[in-house]
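Undergrad: Given next are the chains, with one letter for each unit.
Protein chains: 4
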Amino acid sequence: MFHGIYAPIPTPFDSSGEIAWQKLRDNLDWWGKTSLHGIVPAGTNGEAVLLDGVEKTRLFAFVRENLPAEKKVIAGTGTESARETIRLNREAAENGADAALVITPHYFTGCMSDEALENYYLHVAESSPLPVFLYNMPRNTNLNMSAGLVARLSTHPNITGIKDSGGNIVQIGKIIEKADSDFVVFAGSAGFLLSSLLLGAAGGTLALANVMPEDCVEIYSLYHDGKMEQARNLQLNLLEINDAVTARYGVAGLKAAMDLIGHYGGPPRLPLLPASEQEKRQLQEIMQQCRLL
Amino acid sequence: MFHGIYAPIPTPFDSSGEIAWQKLRDNLDWWGKTSLHGIVPAGTNGEAVLLDGVEKTRLFAFVRENLPAEKKVIAGTGTESARETIRLNREAAENGADAALVITPHYFTGCMSDEALENYYLHVAESSPLPVFLYNMPRNTNLNMSAGLVARLSTHPNITGIKDSGGNIVQIGKIIEKADSDFVVFAGSAGFLLSSLLLGAAGGTLALANVMPEDCVEIYSLYHDGKMEQARNLQLNLLEINDAVTARYGVAGLKAAMDLIGHYGGPPRLPLLPASEQEKRQLQEIMQQCRLL
Amino acid sequence: MFHGIYAPIPTPFDSSGEIAWQKLRDNLDWWGKTSLHGIVPAGTNGEAVLLDGVEKTRLFAFVRENLPAEKKVIAGTGTESARETIRLNREAAENGADAALVITPHYFTGCMSDEALENYYLHVAESSPLPVFLYNMPRNTNLNMSAGLVARLSTHPNITGIKDSGGNIVQIGKIIEKADSDFVVFAGSAGFLLSSLLLGAAGGTLALANVMPEDCVEIYSLYHDGKMEQARNLQLNLLEINDAVTARYGVAGLKAAMDLIGHYGGPPRLPLLPASEQEKRQLQEIMQQCRLL
Amino acid sequence: MFHGIYAPIPTPFDSSGEIAWQKLRDNLDWWGKTSLHGIVPAGTNGEAVLLDGVEKTRLFAFVRENLPAEKKVIAGTGTESARETIRLNREAAENGADAALVITPHYFTGCMSDEALENYYLHVAESSPLPVFLYNMPRNTNLNMSAGLVARLSTHPNITGIKDSGGNIVQIGKIIEKADSDFVVFAGSAGFLLSSLLLGAAGGTLALANVMPEDCVEIYSLYHDGKMEQARNLQLNLLEINDAVTARYGVAGLKAAMDLIGHYGGPPRLPLLPASEQEKRQLQEIMQQCRLL
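Protein chains in written order, with the working numbering: chain B, 1 to 293; chain U, 1 to 293; chain H, 1 to 293; chain V, 1 to 293.
One or more hints might be untrue.
The list treats identical chains as interchangeable, and a pair is accepted whether it falls inside one copy or across any two copies.
[To be verified] Only pairs whose alpha carbons sit at most 25 Å apart, straight line, appear in this in silico SDA-like list of lysine to any residue:
| id | residue 1 | residue 2 |
| --- | --- | --- |
| 1 | K178 | N168 |
| 2 | K280 | V54 |
| 3 | K227 | F62 |
| 4 | K227 | V217 |
No wet-lab data here; the hints were simulated from the structure.
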């Protein structure tokens, strides 16, 4: 049911820091015409931790309303708190989302044992009207879900899949090997998309898909058509630009890239700083090198 | 102006997960009669990340109303978002808090350069009606504020001090050496209270002060009376129990310890799990060994 | 020139801790009859840091003498010290090795900047009579060679390739993309062998190849025959046993596995402890599950 | 028996990389006339991992011969290998050392459980003709000895003390609280000397003591004379220069500082790079600021 390439979209803000709804509509118009299989609002790149609950709900509704019906919406509903996450899952369901993406709570890192995480996800999944995607994001959470834990959770009927952004390809392999056969594994970054597909992943939800949707989908298609060498060449060619719009320049870099390709990125919210002029120039160079500009 | 020993209080919940206001009043009655210099609501031990904004505001007001006027209140107002932190600073001021404790935003760890953190704190301090305490908590945030950054921020008239929970005594020394002379340094855990006082810290805000307020204040007093050997013996004697109610058993352990001494701890909110029976027994043993029970 | 599957062999010791030469000959006889492309003596699994210089030299000679000529020998010559590494490179050359595997020096982690590592490897490569393989082993060295550094070093005529045991598949992709076209990239563990081959790696030097040489070579062959699904199934099937003989039970586990399949593993040297009876039983179970026993 | 301030001396090399014995004699002449309580050859700052076994033995003998009898010698004998460490302990004993400093083996980090480390140290202590000091150096070994492990080892009659360079003051407190009453705890860096003394440490073995022996000894004396405020001021004043000759510029920085004060530092061995001109200028400035130049 869930497969292919999703874009975890940035939330556009105007210069006063409010959500720029019209700009978002323009962006959605564009993404809606691409080959993307779906959209993820209020994920890491959506600056979820900088949005309040009301904004998230409006965002879920707005994205659904402004996308073609065949594109799926996986709503980023995870917070530190089980109560708030459950509340947001209900809001997402009422506003048309197809699934909920629930990040590992992590502030109390030292207490987030496998037992605590298992209990949390089961509790959330029980009360969620939407199928739940686990979201493993060690770079931001300083926490990694083990393959064994993911495999155990995969047996719950309302836990549908995982976005694994950790990039540990051995772990991704173990999850695929051990989890329920219909459990959906999404690569969490374009850097390891092809490697994940090769091991059996169903697709990816990729920051890079915001600015290079067709290239990301092409890797997916080439792989499924058995055109391995072309898939590899495209994958290798995207590593540098993918780095730039993720780890190296962060959300601000992704937004600057959106601006550079003629869509709207705009400034992030504080504490994030906008990309500096020097960072924008470096980004532009990298985008030119991979023929994105 | 700010000195001595503060307790970063746990937020009591009833069995349905709602704030147990009457239990909180009882606890505050007790803390109010101790030698503590102040109280910190909605810090890490207050499960701040599991409280919503309305709860935090009510908590600030309730703590102020139920404490003797001579006890100070430092409100935990920091969140990931500058907007929300600024809003909570205003709420805290309107509800009688004496200062705001602002944790480093950290979800976007890789982007939290010294430049970003400096910009964030200056922005928050400019718009805060309350004096601001920096809050360095590497164990939970996976981020450390450098002594140089703290020293630069210490020159801002509305940045009053820091709670440093990192426990790096060399860094605490460097902060004291480099920061403005009236900058208030608080040890963030009882484990390094005496070492911090020796280097010039003004006091501490200590999880252990919730359950052993008089012992924590006594280290402070013995140090200031020049009774170094007694201070050391007490400090060494408290290391084990301090470990138990902080890193080892976390907030759930602190709450279990509150229950064990006859006040109210109760359950934490999910995703935190309550202390297991085995953990409670181990805690009880440790508390007996240091004559707390 | 270098490609395929290499086994980084354990060094067998007798009960008094001396190298068990006759046991080694027996093991080499077996490995020599398998499809392995080569052998790596005195690597991490060879307990190189627990061997003295004389033992290493004898080991290089002994392995060469007891292997068929068509099997290559890549000698583990890297130490913390440039002087000693250079000396061992000469010994390895005089004793018939085909290349030298040189681990990143790492004790002075904080000083091992890209500049220092680049200078080190150029210095070693200049004076080495053998082609040099870089050896990136973050789990043991707490140090990672960046793709950019590897790419720069790949242009040196005497730096032939890298064994990358880090398992970061994005980094392996970047190395392949940026390095000289004839630079040889070897996966450093069976867990990410297929993923590495897919991106263009020339092969692997794999602890698992000591006990399952034909399965490891089969992944390599299936991949080159374009039999992707069979390759994937075999890859996924090997993840658990690979974990057991590497990260989970370490060199002692690898040696126990050698014993279990009827060759000689024997005890490691101190400070390493031999596998416990419980570890051996768990290992045996895992080996049975993947039909190795 | 062991107390006070020790200098873990750098090993001087000439421009061809050989040990500069005459320069070492000159340095020892100077250190011998200071208030230092002892000398530690072949520690981290002595580039022990870059010396061969013969050099270490000659170094132990040479240091002993060129120091006044009342200065103690603690020989750095620890290596990755139990065999080699035991051999060096015997050499050190035959060449007049008073004790052996044995670092945690660490290459096989994942296998260095408390059980493995306990077994290792008991094995080494049993066969050592010299009293053994444990050496905990997490920054270089990526491994930390727990306070519980140290306390257990402290009961062995031939395990005399620990040099703890981790700088975790809570851990140092726990070791002092739990270990045998005559167990000798040495701070491993000048940055936390006073804090350690306050909790009951017997002294320190400090890189900074190589270039500022009298200041380091003065902290020790002031503390024992109860002159806490003077001790603190001196401690705070030394933090910056201590940083410079340890973490910031490493062994090369320490050697450059030796040169700057008119003794011999010289170049480190590869892979260590000598301090750059810019680093030397920064070091000079810092030394001037704390009136060392």
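Undergrad: Which hints from the list above does the structure break, by number from lowest to highest?
TA: When the structure is compared with the hints, numbers 2 and 3 turn out to be violated.
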